[in-house]
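Enquirer: This is what each chain is made of:
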Amino acid sequence: MRIVAICAAASIAALVAGCGKQEPQTTGTPPLVRQMTEVQYRAVIADLFGPDVKIAGNFYPTPREDGLMAVGASHATITPSAFERYDKLARLIAAQVVDASNRDMLVPCKPAAVKSADDACATVFFSKVGRLLYRRPLNQDEVARQVKLATEVTKTTGSFYDGLAAGLSGMLVAPDFLLIGDLVETDPNDAARKRLTGYSIASRLSFFLWNASPDDALLTAAEKGELYSERGLAKQVDRMLRSSRVEAGVRALFADMFGFDGLARLQKDPLIYPAFGLSAADDSGEQTLRTIVDQLVVNEGDYRDLFTTRKTFLSQPLGLVYRVPVETTSGWEPYEFPVGDQHVGIQSHLSLLALYSHPGRSSATLRGKAVRELLLCQKVPDPPANVDFTLVSDSSNPVHKTARARLSAHSTDPSCSGCHKLMDPIGLSLENFDGAGQYRATENGEKLDTSGELDGVPFKNPQELGTAIHQNAALNSCLVNRVYAFAGGHTPQPGDRPLLDYIEKKFVADGYRLKPLLRTIATSEGFYAVGGTATGTAEASVKP
Amino acid sequence: MTFLIKKPMTRRAALRGVFHGASVAVALPFLDCVLNDSGTALAAGGALPVRFGTWFWGLGHNPGRGIGPKTGADYVFLDECKPIVPYQKHINYFSNFNTPLDGRRLAVHFTGWVACRTGTVPVQGEIPAPTLDVLVADVIGGKSRFRSIDVSSTGDPKDSYTYRNSGSHNAGEVAPLSLYARLFGPGFADPNAATFVPDPAALARKSVLSSVNEQMKDYVKNVGTADRARLDEYFTSIRQVEKQLDLQLQKPDPLAACRVVSSPAEGKVGDELELVLDNHKIMSNMMAIAVACDQTRVFNMLYSQSLSRLHRRGETFIHHALTHEEPTDPKLGYQAAVAWYNIKSMEAMADFIQAFANIKEGAGTLLDNVLIFANSDTNFARLHAVDGVPVITVGRAGGKMKSGLHVAGNGDPITRIGLTVMQVMDVAVENWGTGSLRTAKPITEILA
Amino acid sequence: MHILRAVTTAGAAICALAAFLPGIANAGPAPKRTVGLVVTSWFTAQYNTPHWEECPEGAAIGNDELWLRSLPQDARIKKTDGGKVQPVDGARKQQAVVRGPNGEDVCMNPTVVNDPPLRIIKGKFGYGFNLDGTNDGAPTSKSCKHDKFEDPDTGLKVDNQTYRTLGCILGWRNGNYMEGHPNGERQDSGRGTILIEVTDVDDLENDPDVTVAFYGALDPMPKDSTGKILPFASYHVSGTPQYGAKAKGRIENGQLTTTPVDARLPLYGNNYTGDMFLKDMRLRVAMPKEGEGAPVKALLGGYYDFNKWWDYIQKIEFLLVAGQWNCPQIYQAAKQLADGYPDPKTGECTALSTALTMEALPAFIVHPKNERTVAEAPEPEKKTQLAQGQ
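Residue numbers (our numbering), protein chains in the order written: chain A, 7 to 550; chain B, 21 to 468; chain C, 19 to 408.
A few of these clues could be false.
So the derived list for chain C, only partly shown, Cβ under 10 Å to chain A, looks like this [claimed, not checked]:
| hint | residue |
| --- | --- |
| 1 | L222 |
| 2 | S243 |
| 3 | F250 |
| 4 | S252 |
| 5 | A304 |
| 6 | E377 |
| 7 | A381 |
Bear in mind the hints are in silico, worked out from the structure with no lab data behind them. The beta-carbon is built from N, C-alpha and C at its ideal position, and this holds for glycine as well.
Bound-form chain A, shown alone (with noise of 0.2 Å):
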């Protein structure tokens, strides 16, 4: 059913794709408890109560893994110092939502008297935001339990809205909010087969693509059983990769690959890099996501021209970065780079060139090692540990002038070429950006040389390095394992390679386009499948 859906949609496609064979089977996924990121709290809250309540306060980073804070966030766990960070902004959360100038709009219904409980008012209340809170209906027992400790709250204090405040920052800190669960139950087709619940497909479906919370409509879908068929499935999928807000899950998926959370705490050494501000290492990030955006969201284009576009957004500080004009005074407009400039593709950007290089000075290395991993999936092995850098500190050797001849020490030294060789051509093909992104031809007034290659692509400079990556097959594969990771939080293991092969396959088919490669993991039933490999996995206990 679901083939046929996908060969009506991309014919061509899915001949390629060979349709009509069913997909791969996978050994499936244990069920994971994934830690809610900032990102998503944020969203989760600014949705459910309007973007006017702040959440003031910072967030303890999510642990990267394996490349993604989505991966880390199925390991990470709630210390005390982070439940001390929740449990503040929960309590101000709260406040603000019960406070006399937003309670009328965000409490559905108004007690008999502000100053005592009243069980109705605060069991709609409970129920209804608990649903969203929680993602799943609130059992009896759940909301008696809020409303009884509403009810307590209240006699202590005289106000019903105190009540209600409490209620709602212990939601707030519970572990039904901030942990994305995976729950299961036996498939009543099969009795010897576990299987998600309806709730927990509408959370994976909506992380993934939204970022964000199930909407109403996506829990309705759910409770109704729909996510359990096909069709049902591909129409929520479909209704959610139409909606604008897939842009939020797409720079999620982005921002997560590239590591661009560290952004928020880069600095430059400001007389090194006085263009380099803390405004432009903000938009520098947004400008890359916006290129990605424009590419894949909006225009629904081949995900590897990414690496070989001119066109981009810009504001005032990066004009001041890569100094080129910029007509808006204030806030994004489209820019499009001349034919022969260097800063073609996202690699070119001051995000990823800024982020991968040191404080006062560029990073071939790192950059080396950044397109490596982060575009390639392919892991640079650490540095050996008896590195001598004899070469390097030889005294009577001048000081090198480039990174080339700095790094010729290490390509030289056989415990450090294998690796360096991996990394460096890249990188130094990227020299041309210094370490806050800007443009030189020279280094301490040697001219640059910029060639290289990539896995046996020559490049003259970092416009053709764009065109290698462009062409590199493992740019493909990467994208498809790190969305399958962040979709469903946990890193792809062997039985899933038959899947990820053919959803692979199914990219290439689709022209390379982002959108039809979420719908294919999406709607994919190894995707959802439950592994065997769990091990004291629990059967459902939390029913509506």
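Go by the hints and put chains B and C onto chain A.
Expert: Coordinates of chains B and C only, in the frame set by chain A:
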């Protein structure tokens, strides 16, 4: 009555030593009226508790420039340790303790500190076991408002080397202002205040948390065993806040050593050396006061990362890059710029020690009642040597430990030091570490 | 009458500065380039020696001192409360400026008092352009008899009566308050920003025929963390059509010089908002080096319409004490020293030769989508003496 003076203090003022900055223990005028100098005990009749802290600096010393070969008392600090010479009698220095890898790959700037703090050589970038501060906090952390206070001076919360496991990281506070707000802002009950008014909101919050606990019990039923451990920690975290609320509901015992100062002004954070030194000093002082005020009994400070990104304003090279790319000075025989940074690290350590020395507690200073475990990640950074990673302890742990000694390890596993300090801190651990790092032999010569 | 030449409407809104776009491959014949400059600071060009040798009479006397001198001894003591009321104090400042015989404000009425003559520049050297074309300052159809300066660097005879007038006043000397402070005001507010756009450039080093336009902008200048203004910022042309004068120019060995043009430039500073009106304005500027963001030096000169210039001086009277100057003396001196554009009836010159030293940075000049040309706009300057003098 409160000692909190709400007027923000400038960064300059904070550095000048409003935090009891002078080494002479002179009572500050604004406190004179409310405190006397007595207070030989934490509370009436109770002994002063031993508090535990860690301090980290990246990239060690240049070889042969930290400490002279003489062991025992009267050891000699060499050039790169000159800044801590004034504290020598409080310091034990451990040299020549090794980190055998048992055939595992050496992950540069990672294996060194992980092995030293967890007792296990890590594989694949994982944190293989809890860091020793977490094990100590499991024993003593529940007795104070905060289980531990973790601070990173580099501006990045990720730069904090305290973990229960890879997924459970105690991220660092990075900004003096937010650290101050957390320690001494709302929720802080001054132990020396004349009156005590329990916060009525605390009761309501306790009800909230007990309701969350109930939800947690339901939730745990739905997860696999691996995730149960994560939820255990979640439980612990809730309990810690409940503990804080309990403390808010009862009058704290007076603490003579607790003298809270005014809030620092909002300032920049980042990894510019000048900024790091400033922030490190301000936050060290706050941390020491938090310890004196019994807000926490475990404290962790990171001065610079193992791959130290510290750099002087306007310089293209970071400390770490210099260790590899600076030529050895033919006349001096060492890397001069690296040495300069290494000395700065020890200046920072001196600031940290001084913060505790500033606070009069009992018959001596707070320094006498703490045990600080300080280590780096490498012995000789240029070669990433993990044998002989320098480890330093500061303080006498309330008289349980000797100080002022240089202990040479003769190649013994570095875990002997961690085992010793954990045993001093009453962690029930007979042996510690895995593989060749496993040891049951504490360093008895430093035990009092 | 000199009509400002029409500004052609740019087809594209943004001038692409090919010369400064990094990383362009050099392929085929180089296209005509545009070089944008933003003037980051400017001062009256002055030759000042540390010991004031060019002012043999000494420093000019400020308004407050002239006022005090006019008072009998007992009144001096009384009005200053025995010296306790200082020149900067508001009440004293106000009294000092209304020192006309009938209490007139002497800035509004500079001829009502008979102050001793202003101490002016008597030295040989000065900076500027040779505006009248003579080496001796003999009168011509466009100029009155005046003394010339010798440019200390080139030995050329040049005109700069503005410098001659103001050069011995402490507050107006090089970099001091009167002209130093407004530069900061302009940088931070963006008001009064002067843009110079060089188009039709084939070669940054030598090009016999380029076009140079002068615009105004309202964009604050972005600075780095140390307060240095950053190059390559984008500035938006504003205030056209009254600005936008265009001159022809030539580049020789990296130095651009323009032909004379009558121009209006934005003037903001010391709380004054207005324009500079310069006749026969010309520019000499070092062209920026390819791709470099270093500041460049420029000299801009011409005849400044006296009445417009005086309007500015008058309106900044609140700075009399800060700059230690006074209105009547400056008025009288400048009237006498005016050397350009004689009134056909009286023969009295109506403009003051002037020269400004400028520092400029490479910048991008963004033109409004529907830029109006001067030709389409109403003639703005019918009433000035300059216009009447045509």
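Enquirer: Tell me the numbers of any earlier hints that the structure contravenes, in ascending order.
Expert: Going through the list in order, the structure violates hints 1, 5 and 6 and respects the others.
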